[in-house]
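Please arrange chain B on chain A, whose structure you already have, making use of the hints.
Below are the chains, spelled out letter by letter.
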Amino acid sequence: MQLQQDKNVNTGDGCRTAAEIVSGMKQLPGALLPVLHRVQEIFGYIPPATVPTIAEGLNLSRAEVHGVISFYHHFRTEPTGRHVIQLCRAEACQAVGARQLEKHITTALDIAVGDTTESGDVTLLPVYCLGNCACGPSLQVDEEIYGRVTPERFDALLNDLGAGQ
Amino acid sequence: MIRVYVPRDTAACALGADAVATSLVAEAARRGADVEVVRNGSRGLFWLEPMIEVETVDGRIAYGPVSSGDVPALFDADFTHGGEHPLALGKTNAIEYLKNQLRVNFARAGVGDPLSLTDYKNQHGYRGLQRALEMSGQEIVQQVMVSGLRGRGGAAFPTGIKWQTVLDTPGDQKYIVCNADEGDSGTFADRLLMEADPYQLIEGMTIAGLAVGATQGYIYLRSEYPKALAILNQALATAYADGYLGPNILASGKHFDLEVRVGAGAYICGEETSLLDSLEGKRGMVRAKPPLPAVKGLFGKPTVINNVLTLATVAVILEKGAAFYQDLGIGRSRGTMPIQLAGNVKRGGLIELAFGATLRQLVEDYGGGTASGRPIRAIQVGGPLGAYLPQHQWDLPLDYEAFAAVGAMLGHGGVVVFDDTVDMSEQARFAMEFCALESCGKCTPCRIGAVRGVEVIDNIRANRQRDENLILLHELCDTMELGSLCAMGGMTPFPVRSAVQFFPEDFKTAAG
Numbered sequence: 014m015q016l017q018q019d020k021n022v023n024t025g026d027g028c029r030t031a032a033e034i035v036s037g038m039k040q041l042p043g044a045l046l047p048v049l050h051r052v053q054e055i056f057g058y059i060p061p062a063t064v065p066t067i068a069e070g071l072n073l074s075r076a077e078v079h080g081v082i083s084f085y086h087h088f089r090t091e092p093t094g095r096h097v098i099q100l101c102r103a104e105a106c107q108a109v110g111a112r113q114l115e116k117h118i119t120t121a122l123d124i125a126v127g128d129t130t131e132s133g134d135v136t137l138l139p140v141y142c143l144g145n146c147a148c149g150p151s152l153q154v155d156e157e158i159y160g161r162v163t164p165e166r167f168d169a170l171l172n173d174l175g176a177g178q
Numbered sequence: 007m008i009r010v011y012v013p014r015d016t017a018a019c020a021l022g023a024d025a026v027a028t029s030l031v032a033e034a035a036r037r038g039a040d041v042e043v044v045r046n047g048s049r050g051l052f053w054l055e056p057m058i059e060v061e062t063v064d065g066r067i068a069y070g071p072v073s074s075g076d077v078p079a080l081f082d083a084d085f086t087h088g089g090e091h092p093l094a095l096g097k098t099n100a101i102e103y104l105k106n107q108l109r110v111n112f113a114r115a116g117v118g119d120p121l122s123l124t125d126y127k128n129q130h131g132y133r134g135l136q137r138a139l140e141m142s143g144q145e146i147v148q149q150v151m152v153s154g155l156r157g158r159g160g161a162a163f164p165t166g167i168k169w170q171t172v173l174d175t176p177g178d179q180k181y182i183v184c185n186a187d188e189g190d191s192g193t194f195a196d197r198l199l200m201e202a203d204p205y206q207l208i209e210g211m212t213i214a215g216l217a218v219g220a221t222q223g224y225i226y227l228r229s230e231y232p233k234a235l236a237i238l239n240q241a242l243a244t245a246y247a248d249g250y251l252g253p254n255i256l257a258s259g260k261h262f263d264l265e266v267r268v269g270a271g272a273y274i275c276g277e278e279t280s281l282l283d284s285l286e287g288k289r290g291m292v293r294a295k296p297p298l299p300a301v302k303g304l305f306g307k308p309t310v311i312n313n314v315l316t317l318a319t320v321a322v323i324l325e326k327g328a329a330f331y332q333d334l335g336i337g338r339s340r341g342t343m344p345i346q347l348a349g350n351v352k353r354g355g356l357i358e359l360a361f362g363a364t365l366r367q368l369v370e371d372y373g374g375g376t377a378s379g380r381p382i383r384a385i386q387v388g389g390p391l392g393a394y395l396p397q398h399q400w401d402l403p404l405d406y407e408a409f410a411a412v413g414a415m416l417g418h419g420g421v422v423v424f425d426d427t428v429d430m431s432e433q434a435r436f437a438m439e440f441c442a443l444e445s446c447g448k449c450t451p452c453r454i455g456a457v458r459g460v461e462v463i464d465n466i467r468a469n470r471q472r473d474e475n476l477i478l479l480h481e482l483c484d485t486m487e488l489g490s491l492c493a494m495g496g497m498t499p500f501p502v503r504s505a506v507q508f509f510p511e512d513f514k515t516a517a518g
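Residue numbers (the numbering used here), protein chains in the order written: chain A, 14 to 178; chain B, 7 to 518.
Chain A extracted, bound-state conformation (with noise of 0.2 Å):
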């Protein structure tokens, strides 16, 4: 499996990178989540290595630091697929087919949701909703939210990202 990997993250330069980012916002009140969110943006993922890290700049302990991180769906320890897709599975999507979709999603993209294609191309994420709820059903590629999407749509999209079978 190819994934999307810095390949500093297990290096002692993910850790630095950590620390550069915890001492620039460690002023903050409440400053974990804004840390993470940082850390998560950078590397794509939260990797395990920088917890100790993150963990000591906030004067936390890292079962703290561990137990937010795992409470929070946005927060991942795995890097992704190249590009991730987040499939709203709420219900104002459920009443427009959002079931449907993901059925045919997974079955394209030969993987549940939650896991990465084999190919290292798309990570398939849960999502309870995007707030686009009266153009439904709706899923995010990347950055991008895309409404009204139907199984032919959706297979354009893919197509698009050049993430085709």
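If you are wondering where the hints come from, they were derived from the structure by calculation, not from laboratory data. The C-beta atom is built at its ideal place from N, Cα and C for all residues, glycine as well. It cannot be assumed that every hint is accurate.
Here are the simulated distance ranges between beta carbons [said to hold, decoys possible]:
id, chain 1, residue 1, chain 2, residue 2, range
1, A, P42, B, I336, 36 to 44 Å
2, A, E54, B, D248, 24 to 32 Å
3, B, G75, A, T119, 30 to 38 Å
With a Cα cut of at most 30 Å, we get these calculated DSSO-like pairs of lysine-lysine [as the list claims (entries may be wrong)]:
id, chain 1, residue 1, chain 2, residue 2
4, A, K39, B, K448
5, B, K97, A, K39
6, A, K116, B, K514
7, B, K97, B, K127
8, B, K307, B, K448
9, B, K260, A, K39
10, B, K352, A, K116
11, B, K97, B, K233
12, B, K97, B, K448
13, B, K302, B, K288
14, B, K233, B, K127
15, B, K233, B, K288
16, A, K39, B, K302
17, B, K288, B, K307
18, A, K39, B, K307
19, A, K116, B, K307
20, B, K260, B, K326
21, B, K233, A, K39
22, B, K307, B, K295
Just chain B now, kept in the frame of chain A:
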């Protein structure tokens, strides 16, 4: 020079508004037409998005839904002067869906560039703050109290009473927290307001700060709203630069700082005490009340925590006066309620009306029935913790008390329409599944109850000891409703019970 408006709102962009804007600029250049494209907010007529508007001598003329491929034909039809075209919708203000609304919170939405402070001020913006600067904290709280405003996040607690408590509680530091963690499926009013009229929220929060003596505010925004985040941050920077925020607001000597904090995909953080823990950098665990956040809130300090619409409304109340707001609505539900019409509906969007309209008027007159063309079977009101209403309840007036009286809730005003292909046992199962996924885990009825709820509904659906399991499901719902610490576990039984009670046939045929 001709001005053409193309919304930059999430829903408009999800349907191709960016491509339309690009095509308009390119096509205008190709034809040598002097066109300025303004990225406005959305009017909330989402079924018409991307809806573009052109400014003509007769007012603004709308076209929609426009795709980038339509752009050359629109130029051919002389749309820049309001020319006829199959996508022409006539004057924007005359579109029935919009004309029949009572826009108070959303009066400015979609009119101008959401980031233009000049546009905001030209449309009555910051008049509320001007008035507030001439008042004492108690006088501001009194205005909010008299207006009858109740929390728009869902719980509908009287805002004035909450503020009075914070004002009366001594504290070296107080906070204003805006709950912008709009996680209910079927809701988008907060997002629309933040993307279309961000200064209204900023103004409302500043007034709240003056009212209770808080110098720091936070907007806790869900991470699923990246466009709202970008817009809010730019609007905050402008408000600071122009002296509307900071240590000396409009040279009054009054101080209020405001920043956005981003959530991380936890539905439970829409619950106010969980949100406060999250803002403090912790797991979003629900706190036991008392102490109320008004007494011991963020970092243990007295805190006003209100929804986006609640805080934004304060700017209107201070501008137009408490009586203006109080005069709208019915019973104890005063003012207007922005209803969000979503799911399987032909004309989905935002409908702001005074309290009192019926659900049927909304889904039939405004919504035009289902998008699929099939009959409506169930309507879920109030998000994932709201009941599924069958046909005989669609004549209920939209009013907090009327909904509560039948075991439903208006909540944040999300209305999700389902057609007759819906399997209500699957929806009931989802309610439990969602609760299991999103429970903070602090109290047992919610943490374990939701997991057991999924199992019990699976047994019913699989026809395993169905009658016994239906009784068990009711008992489980009792336990969750009566024993949970917050609305997550306490109200998950609403959609479950309503599905079982009003759509029993879906629990009798084995689905799998």
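Going through the hints against the structure:
1. A:P42 / B:I336: 36 to 44 Å: holds, 42 Å
2. A:E54 / B:D248: 24 to 32 Å: Given range 24 to 32 Å: holds, Cβ gap about 29 Å.
3. B:G75 / A:T119: 30 to 38 Å: This hint holds: roughly 31 Å between Cβ atoms.
4. A:K39 / B:K448: Holds, because 28 Å separates the two Cα atoms, which is no more than 30 Å.
5. B:K97 / A:K39: violated, 53 Å
6. A:K116 / B:K514: holds, 25 Å
7. B:K97 / B:K127: Distance of about 24 Å is within 30 Å: holds.
8. B:K307 / B:K448: holds, 23 Å
9. B:K260 / A:K39: Given that 30 Å is the threshold and the Cα spacing comes to 27 Å, the pair holds.
10. B:K352 / A:K116: Holds - the C-alpha atoms of K116 (chain A) and K352 (chain B) are around 24 Å apart, at most 30 Å.
11. B:K97 / B:K233: holds, 28 Å
12. B:K97 / B:K448: violated, 53 Å
13. B:K302 / B:K288: holds, 17 Å
14. B:K233 / B:K127: holds, 23 Å
15. B:K233 / B:K288: holds, 25 Å
16. A:K39 / B:K302: holds, 24 Å
17. B:K288 / B:K307: holds, 16 Å
18. A:K39 / B:K307: It holds: about 20 Å lies between the C-alpha atoms, which stays within 30 Å.
19. A:K116 / B:K307: Since the Cα atoms of K116 (chain A) and K307 (chain B) sit roughly 48 Å apart, the hinted pair is violated (cutoff 30 Å).
20. B:K260 / B:K326: With Cα atoms ~22 Å apart, K260 (chain B) and K326 (chain B) stay inside 30 Å; holds.
21. B:K233 / A:K39: holds, 26 Å
22. B:K307 / B:K295: With Cα atoms ~15 Å apart, K307 (chain B) and K295 (chain B) stay inside 30 Å; holds.
In summary, the numbered hints that this structure violates are 5, 12, 19.
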